[in-house]
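Undergrad: Single-letter residue listing:
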Amino acid sequence: MKLKPRTLAMILAGGRVDDLTVLTFHRPKSAVPFGGFARVIDFPLSNLMNSGLDRVAILSQYRSYSLINHIGIGAAWDMIGRYRGISIMPPYLGYGHSQWYRGSSDAVYQNLDFIQYINPEQLLILSGDHIYRMDYRELINYHREKDADLTMACIKVPMSQAHRFGLADIDDEDGELGGRVVRYREKPESPEYNWASLTVFCFKPGVLYKVLESNIKEDASYEFGRDIIPRMLNENRRVYGYKFKGYWGYTRTVEEYWQTNMDLLGPDPKIQFADWAIRTNLEHRDIKDCQPLKVGNSARISESLIYNGCIIEGEVENSILFPGTHVEKGSKVKDSVLFFNNVVGKDAVLDKVISDVNTTFGRGVRIGEVTRPGKKEAAVIGWNNFINANTIIGSGCTVYPSLSSDKIPKQVEPGEVVR
Amino acid sequence: MSNIEDTLVLLLAGGVGSRLNILVTTRAKPAVPFAGLYRIIDFSLSNVMNSGMKHVGVLTQYKPLSLMRHLATGDAWDFTGRSRGVKILPPSTGSRDSDWYRGTADAIRQNLGFLRAHPSKEILILSGDHIYQMDLYAMIEFHRQKNADITIGMMIVPESQIHQFGTGITNDEGRIVEWEEKPKVPRTNLASMGIYVFETEYLLNLLAEDKEMVDFGMHLIPKAISRDNVFAYPFNGYWRDAGTIQAYWEANMDLLKDDPEISPEAWGIRPNLESEQLLADRIPARFAAGSSVSRSMISAGCVIEGEVINSVLSPGVKVGKGCSIRDSIILHDCVIEEGAIVDLAVMDKRVRIGKGAVIGKGDKKNIPNKKYPEHLYTGITLIGKEAVVPPGTVIGRNCIINPWCKQNCFNDNVIEDGSTI
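Top line first, the protein sequences correspond to chains B and Z. For the first sequence, the residue numbers in my numbering are 1 to 419. For the second sequence, the residue numbers in my numbering are 1001 to 1421.
Since the hints were derived computationally from the structure, they do not count as laboratory data. Keep in mind that a hint or two might mislead.
Said to hold, decoys possible - Computed list of chain Z residues with no C-beta within reach of chain B, every gap over 12 Å:
id : residue
1  : T1200
2  : P1222
3  : Y1238
4  : I1283
5  : I1304
6  : I1367
As the list claims (entries may be wrong) - No more than 27 Å apart at the CA atoms, straight line, and that leaves these computed lysine-lysine pairs for DSSO-like:
id : chain 1 : residue 1 : chain 2 : residue 2
7  : Z       : K1318     : B       : K270
8  : Z       : K1121     : B       : K332
9  : B       : K270      : Z       : K1406
10 : Z       : K1257     : Z       : K1223
11 : Z       : K1371     : Z       : K1318
12 : Z       : K1063     : Z       : K1121
We treat Cβ as the ideally placed atom computed from N, Cα and C, and that holds for glycine.
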């Protein structure tokens, strides 16, 4: 019998990621569109739903309108009910209190009264920024079995990439399943071990309260990776690593974001998207009201994902199109990700382009065809732009959001930033 | 003066629509899927929503389950809130009237309690059977301007079809002076769309006059015309009954034209995706390398590896490698296995077509179905819900495969034109 929820999940969804440039000018990373209809935060939220965890709090800070709008009342993930719910927790002003969240652990600390009110048996803290599928129950079971103070999910990454992550050295206590974390380093310059933290933490609440208190009193930085985990290891707390072996899309850079999208495509895609059981809020941007995709007479489509509400009259290859995008006759979209309501005009060519919402590409526009030597980089176009007819934009360019169209030169060299 | 938005709406959704054959084996006509994502009733419901009306009663009778599931709380059409709502009104037993609905007017008469609970100056009665977009607010304004007792939505239809409709002859002001229900020899081309605005008081009195008057078109309207103010409200947009397999197929094909006559999204028609009650949302349609699609509507969740031409696919349809789908309507979650050919078919939900099977073989489109010659006579083959067509089976024109037919229903792997399994 379960009289009330035993687990409270908190999603860290407040951050913007500088390297995603224009895609996070107006929204936090967690609200960035992904996969032709969803948002990044739909992945942890759907994981929670599919794990039967339905008491959730979302810690938001940066430009949270888009996120709040997306979460709505939580009905999309069945999280409304007597004990089911999603609470959005922005920073607040109060008696003797007025500050922004100063870091991930501070965001949790500032909401301790809420956590204590719910009084869960375990507190699951997740990043809202990653693309993966996980049954959190397995992690929680392992955590309980080990009577751990903290259990963190980790994934093995190539040693050459490891310096970008928080890294754990996990012993062989439970072989393939996991083990005790004996050492931990946040983004070390020369890594000695390569189990990267997924920012999926299961805490024993009583222990976390104490550690947060001393962190706030004694430190000047308030991050789980940099401060809380090392502090727990120093105090010789029971910290365990749970070894995750599935797909993990980190998406901290434009290139990684693009690649993670491309991992949805191909004859044997790395992400078996339909099996991931993702739900999104279909009311956000009214995508539930879209009619089916219309494919015209002269259209050619291959290796692509295209949602309802699009109209395709041109050619689409190896691309992902969100609702409301119109690809006109004679145009070609290749290796691209086009967010909601883009218009690709007649005879335009988009080659490795990520385009944010409501952008129109005029007739004959060519983007990404002129390249710098080396690997082709994605061009990123901010939202609400109108690119004049016959404009040529090189690969790897960035166009800022909402520019007046005379600000965008007729020809933009590869890698340039148009602001 | 009462607000037009407060007008009570009654939507008649109890019709069998038997000419839709296997599509109405498990559902009433208003619940028949249309244009990929929608059901027929979405058009009427969305028109009501977009016209601003807030209270709707849906009268059901025949196989209401999928309809009820589809309507749910009415949330999809904004009918939830303190001062709005949609109620299902099934027939019920009572102390005196304890019968099934005997006709359109009888259905209203048996729900007088609902009418009294939602007092409004006018009552708008419409059918849930039709594909159209119409401003019902403007119709009620017209009704008020004319000081009418009844206003009937009417449109001009081709002479060849007029025998299916109630018809009216109007004078210069638009007042209907003569009425003929389904005339054999037409004297007018002005047909009733089954959309009525009644003064509520007037309707209550008329219904009380004679309980044997059970149908609007047959009984109440002719009587009213002979003595009261009945006006025709002219409509001249796209309107289809979609009540036969041929009309249903044609209306779906109208979606695919270059300058389409039906644009559900532009018309503000809303489906109810949540009524599918799926664990996960449908992901975007996936197009594999080597697929080829033209002039078609493809819904989310489809996986296309073969060829699709001039067809409408509902969510979750899988078209395997080497398949060819042409001029067909395929409902939710059908699986067309590798190499199968489908030409001119209407396929209900979750049908499986085995490898290399052919649906719609040959060019004898004029051999009608032997059992239902008046339903299938243009070459369309129907496959019922969850039927499984074994690999290699060849099915001709104007055939019917009944719902849930499995391997053991097929004695032969060649099904002649016009057969029913």
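Undergrad: Could you run down the list of hints and mark each one as holding or not?
TA: For each hint, the structure was consulted:
At the 12 Å boundary, the C-beta of Z:T1200 stays outside the reach of chain B, the nearest C-beta of that chain being 32 Å off. Taking the minimum C-beta to C-beta distance to chain B, about 40 Å, the non-interface status of Z:P1222 holds against the 12 Å cut. Interface exclusion of Z:Y1238 from chain B stands, the closest Cβ pair being 15 Å apart, more than 12 Å. Consistency note on Z:I1283: stated as away from chain B, yet its beta-carbon is not over 12 Å from all of that chain's, at 5 Å minimum.
At roughly 8 Å from the closest C-beta of chain B, the C-beta of Z:I1304 falls inside 12 Å, breaking its exclusion from the interface. Against chain B, the non-interface label of Z:I1367 holds: every CB pair exceeds 12 Å, the least being about 31 Å. Taking the CA atoms of Z:K1318 and B:K270, the gap is near 20 Å; set against the 27 Å cutoff, the hint holds. In summary, the hint linking Z:K1121 to B:K332 is not supported, as the alpha carbons are separated by about 56 Å, beyond the 27 Å threshold.
A threshold of 27 Å between alpha carbons decides the hint, and for B:K270 with Z:K1406 the separation of about 35 Å lies outside it, so the pair is violated. Note on Z:K1257 and Z:K1223: the hinted pairing is violated, with a Cα-Cα distance of about 43 Å set against a maximum of 27 Å. Of the supplied pair hints, the one linking Z:K1371 and Z:K1318 is violated, its CA atoms being roughly 31 Å apart against a limit of 27 Å. For the suggested pair Z:K1063 and Z:K1121, the alpha carbons sit about 32 Å apart, so the restraint of at most 27 Å is broken.
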